[in-house]
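Go ahead and model the full structure; you've got the sequences and the hints to work with.
Chains as they are written, first to last, in our numbering: chain A, 102 to 320; chain B, 102 to 320; chain C, 102 to 320; chain D, 102 to 320; chain E, 102 to 320; chain F, 102 to 320.
No wet-lab data here; the hints were simulated from the structure. Just to be clear, a hint being listed does not mean it is correct.
If chains are identical, the list can't say which one is meant, so a pair holds when it fits in one copy or spans any two.
Stated by the list, open to error - Okay, derived cross-link-like pairs now, SDA-like style, lysine to any residue, Cα gap no bigger than 20 Å in a straight line:
| # | residue 1 | residue 2 |
| --- | --- | --- |
| 1 | 243 | 129 |
| 2 | 293 | 319 |
| 3 | 243 | 165 |
| 4 | 293 | 305 |
| 5 | 243 | 311 |
All values derive from a computational prediction rather than experimental measurement.
Each chain, written out:
6 protein chains.
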Amino acid sequence: VLDLHSLVDPHADALTSAVLADVLDALGHRTAALPPALRPLRPEWKLFGRARTLCAVAATAEPLHPYAVEMECVDALGPGDVLVATTGGDRGSALWGELLSTAARARGAAGAVIDGLTRDAARVVAMDFPVFAAGFSPLDSKGRLECVSHGEPVRLGDCVVHPGDWVFGDVDGVVVAPQELAAQALRRALEKATGENRVRAELAKGRSLREVFAEYGIL
Amino acid sequence: VLDLHSLVDPHADALTSAVLADVLDALGHRTAALPPALRPLRPEWKLFGRARTLCAVAATAEPLHPYAVEMECVDALGPGDVLVATTGGDRGSALWGELLSTAARARGAAGAVIDGLTRDAARVVAMDFPVFAAGFSPLDSKGRLECVSHGEPVRLGDCVVHPGDWVFGDVDGVVVAPQELAAQALRRALEKATGENRVRAELAKGRSLREVFAEYGIL
Amino acid sequence: VLDLHSLVDPHADALTSAVLADVLDALGHRTAALPPALRPLRPEWKLFGRARTLCAVAATAEPLHPYAVEMECVDALGPGDVLVATTGGDRGSALWGELLSTAARARGAAGAVIDGLTRDAARVVAMDFPVFAAGFSPLDSKGRLECVSHGEPVRLGDCVVHPGDWVFGDVDGVVVAPQELAAQALRRALEKATGENRVRAELAKGRSLREVFAEYGIL
Amino acid sequence: VLDLHSLVDPHADALTSAVLADVLDALGHRTAALPPALRPLRPEWKLFGRARTLCAVAATAEPLHPYAVEMECVDALGPGDVLVATTGGDRGSALWGELLSTAARARGAAGAVIDGLTRDAARVVAMDFPVFAAGFSPLDSKGRLECVSHGEPVRLGDCVVHPGDWVFGDVDGVVVAPQELAAQALRRALEKATGENRVRAELAKGRSLREVFAEYGIL
Amino acid sequence: VLDLHSLVDPHADALTSAVLADVLDALGHRTAALPPALRPLRPEWKLFGRARTLCAVAATAEPLHPYAVEMECVDALGPGDVLVATTGGDRGSALWGELLSTAARARGAAGAVIDGLTRDAARVVAMDFPVFAAGFSPLDSKGRLECVSHGEPVRLGDCVVHPGDWVFGDVDGVVVAPQELAAQALRRALEKATGENRVRAELAKGRSLREVFAEYGIL
Amino acid sequence: VLDLHSLVDPHADALTSAVLADVLDALGHRTAALPPALRPLRPEWKLFGRARTLCAVAATAEPLHPYAVEMECVDALGPGDVLVATTGGDRGSALWGELLSTAARARGAAGAVIDGLTRDAARVVAMDFPVFAAGFSPLDSKGRLECVSHGEPVRLGDCVVHPGDWVFGDVDGVVVAPQELAAQALRRALEKATGENRVRAELAKGRSLREVFAEYGIL
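Right under this line is the structure:
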C-alpha cells in the first residue's frame, strides 16, 4: 500500500478539495464528495490522510459495554489516519468529542469526518484537531447511538468510503479519492493548481471568460 | 427559589453544556438538550441563567397592538434571566433583534435562546449579548409572527422548558436543567470536569481508550 | 435608469438589510427577503448593487459547450452589479467559485448571491469578494447544473428578482428592492436608522419597551 | 353575513377546488390554497362550508383541564361549518379523531381541515365525515398539543384563514375564499366550469392546445 | 413468554391502534407509536403479532453473500410474528417485497413493518399480507442496503422495539406494546373501546363535548 | 428507432417496474428509478411508452404568452408517448391537469410523469389516463411555473431521461430504460418474471429462503 503523505502537504496553498474533485471527475469518478452538510469546525482547517471507517445506528438502550466498538476503532488508528464515521442520518446526539479526539491525536491521526454530530467543539478547536461534522450536540452517544462495525466500507450520501482511501478536506467540503486512483489524482491535482494560477491572472486582468476558457480549457 | 448564579460562572473553563448533559443523563433526565439547529451567534459565547419563556405562532395580519406580548415579556425580565422563545417551526421572519436585546440587557438579562430566526446580528454581536437562534432573517416579525403567551412552559423539540429552569449554552448547544435538578446537576457537573481533566491527560500520553475508560469510567 | 450607488455606501454603519426590509414592508412590499439559507461567506460582508440574474437547472450530461451561459452572463457584468443566481433547489454541486469571482470582480461587480452552492471559499474570502450562498461543495457544476437563461427575472423562494432591482446583503440576509421602489426605500431606510439610534439609547437607559415603543413607534 | 350554502352544492360535478383557485387568481387573490400536504382521507370527498378556526402549539405536560379549548371550539360549531385547525408544523400526535368528528357532525358541521395529524381514520371514513389532514397518528394530543385559541384567524402555509371565510376541498386540495370575495368567486367558478366543458370537448376531438387556447383562453 | 394471540383478534372492531396508544399513555409509556410515515399498503389492513427485528444500513457494494442476514431473519420467523425492520432513514431502495412476503407468510408471520421502502406492492396486496412501509421503490436492496443484525432491539423514531414486544397496526399507524406491559395494555384497550361506544352514542345525540367528557372522562 | 410497444403489454401480469429495475441493475445501469415521491394517481395503473420531456422552473410573473412551451410540447406528443416533466423541486402549483391530459390522450399519449404537482385528479382518474406525480395542488401553474424547454434531456433525482427512452410505471414507481438498453432489458425482464413464478411457488410451499435462493439465484 502506497503512502501518499509524502506527496501532499495539505497546508500547501495549491491543493484544494475542489481541484481534487475536478481531477477525479476527469478520471470518471464523479461521486467523490461527501455530503455538503459535513463542515469543518474551523473554516481554516485542511485535512489529509488515509480513511479508517466506523458505522453507527440508532441505539435502543444503555449498552452493557459502552463505547466498545468506537474505542476499538480509535485505539487502532495510526499516524496519518482520518476517521470517517456515519450515523446513517441520526442527528440525536454527538458521536464524536474531545476525549476521542485526544486519543486519536495521540495515535497520530490527522482528523475525523463525522456524518453526524460532534461535541466539545471549543476544546477540539483549541486542540487544532481537524474535525468535520454535520453539526453539534451536547448529548453523549451512550444509549443513543450504537457503533455496529469499524474497518468496513461505509457510504455517506452517494460516496462510498473504503478503508485505505485518501481523504482531503477543506472549507469547501471533503473529497475521497479511492485507493487505486489516489496517487494519480493527487499528482494531477497538484499540477492543475498551476494552470488555475495562470487562468486567474488572465481573468484578473479583465480578459473575458469566453476567451480565457477557450485558451486554457479551465474554469 | 434557589439562585444558582453564585454556583456557576459560565465563563469558567470547567463547565460545558456537554458535561451538564452527561450529568443530567446520569440523573435520568435525557431530554435536556434543545434542538441542534439552535446555535450561538458567536461560537465563543457561553450563556447561563434562569429561563423565562415566550411562545409565538404564525401571524395572520398586522396586529392592532404590535409587539404587545413580547414587550410585556421582555419588560418583565430580571437580572440573570434567559429568554427562551419558540415560533413552533415558523422560519419566515425574525422574532428577535437588537432593540429587544438592548431592552433585555438593560434589565440584566443574560441572553436569549430563540427557536426561530433573529436579525440585527452584527449589532447583537457588537453588544456581546449572547443570542442562540436557528438562523437569520432581515424580516421583522410584525404581521408574520404573533406571540400568544409568555411565562408558560414551552417545548422546543423534545425538551420542555419551564420558567425557572436553568439554561446553560455554549458552542455545543443549549442544555436546560429542570429547576428541581439544577443545583445537584450543576454541582456534579463542576466535579465531573475535574475527572475529565485527568482522563484527557492519560489519553494524551497515548494510553488506550479501553484502558483509560476501564479505569475512570469517563468518556 | 437611476444609479443608486451614490446614495448608499454599504459599509456605512447606518444601513442594514433589516432596516431596508422594514421600509419595504411599510411600502407594502413584504416579499423582499431572499431565503434565510443564503448566507455570506464572511459575516462581516456587506453587499450592495444592481441585480443581474442567472437561472440553472439539473444537468443531464457533460455539455458540448461547457459554461457557455454563465460565461456570457459574467462577461456582461458591469461596475456595481450583483449576480443573483438560482439552481431551483439543486444542491448537488457548486454553481460559483473563485475563477468566476475573479472575472466578475475584474468587471467591477460588487458580489454574487447564489441560491445554490459555491466552492473555492477560502480564495473567495481571501479576495474579499462578497459571495452569499446556501452552502459549499467541492464539485464543479459541469455536467451537474446547466444554466438555462440569464438576464431574465428569477424567483428565489417568495422573492422575485428582476434585472435592475437593487440588492442589499449583510449578516442578516439579502433584501431585494424592486427598481421602482428602490430610491425611495433606500432614502427612508437611511433615515429610519437615525430613529433607531434614539430608541436604542432610551432602551439602554432602562426605559420599558412599552413606553419607548409608544413614544417612537419603532421596534 | 351571507350564507353561500344555497349557492353551492359541493357534490355537483361542476365545481372543483382547481376552478375556484383559478377564479380567485383572476381576482388577484393568489394565496387561496392550503398546503398540498393536507389530503382528504377519501379522495372522493368534497367539502364546502364556513371556516371556524383553532390553533394549537406543542404542549409541555398533561393539562389540568384537558381538551378545554378544542371542546369549546367544537361545541360552538354550527350547521355548514368547517373546522380549520393548525398545529404550526407539529406532527407528533393526532389533533383530530372520531369523537370530535361525531360531536362536530351532531352540530351540523360539514367537515374538518387539520394542518396536523388525525386518528380514528377508519371510523371517520365509515361516518363519511370529510376530514382533510397532513397524516395519521394513533397518539392522542393530550399532553402533546395544546390548543391556544379558537375563533381567531390562523395561517396555514401562505394562506390566512379568517372565521367566516368559505372553504372548498376536494382531491386536489383545499381552497379558502375570503368572505368578501366568496360569493363573486363561487358564482364565477360555477360559470367557468361550463367553459371548461367546451374546451375539453374540443381537445378530445384532437384540436391543438394552441388553437383551442387561442379561441377560449382557458387552460 | 405469554402468547397474546388468544387475547386479541385484530379484525375485531373494538381494538384500534389509537385506543392501545391511549392505554399505554395512561400506563406512562408515551413512545409507543412508530413514525407516522409508516403506512399500510391497504388502509383496511390490521396487523397484530410478536415483534421480530431487522436492522439495515447503507450498503457500499454488491455483497459476496447477498441477502444473507435478511434470509436468516425471515427463515427464522414463526407463526404470529411481525417483522419490524429499519433502514435508519435510507430511502434509496426497497428492503421488502413479494418473495420475502411469500416466505414470511409460509412460516405463519402476520405481517411486516418496514421503516424504509417496499416493492412488489401489487402482489403483496393481492396476497393480503399486511405490510406497513414508508413508501415504494422498484429498486432492489442488493448493493444498496446491508442488513447488519437481526434479533436485536431496534429504534424507529422515538420508539424502541424489542424482539418479543407486541405490535398492533391499522390505518392510524403502528403501536408497539413492550412485552412486560402488553397483556395488561391489550386487556384495558379492549375494555376502553366499550367506553368509547357509549361516548360516541352520547355525542351523536348532540350532547356537548364538555358535558360528555365531564361525565365519562374519555375523548 | 425501434418501437417497443409490440414487445410489451403493460397490462400483462408478468412485467413490473421492479423486475425491469433488476434487469437494468444487472446490465450495470443502477439509476433507472425516478424519485419515490412520484406516485400513480391510481395504484392499479400501469404505464409504458416512449419518453417526451419538459422542464419547468419557478416563474416570476404572469407570462405574455401563457402555456406556450407546454402547449407546444403536448401538441407534439404522438401515439404511445409518455410525457416526463420536472419542476426542479418546486411544489407551489400544479404543472399538469385535466385539459392537458385530454389533449395528450387525443394524440395517443400513454400517460404523464410529473416531478411536481398535478390537479383535476378526479377527472384524470375518471379518464383513466395514467398520471404519476409528486402530489396535488388546486393552483394553476400560470405565473407560478415557467416551462423553459421541451425535447431536451431532463434529470429527476439521480435519473437522466432522454427523449426516446422507454418508461415503465406501476404502483412501485417509475423505471426509465435508456433507449440503447431498452429492447434487451425488456426482453430479459419478461423472462425473469417466469423465474420469479417458480421461486414464489417454492417459497409458498415453505422452503427456506436460503435454499431457494441458493438454487434459483433470485430474490
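Worksheet item: When the hints from earlier in the document are held up against this structure, which numbers fail?
Response: none
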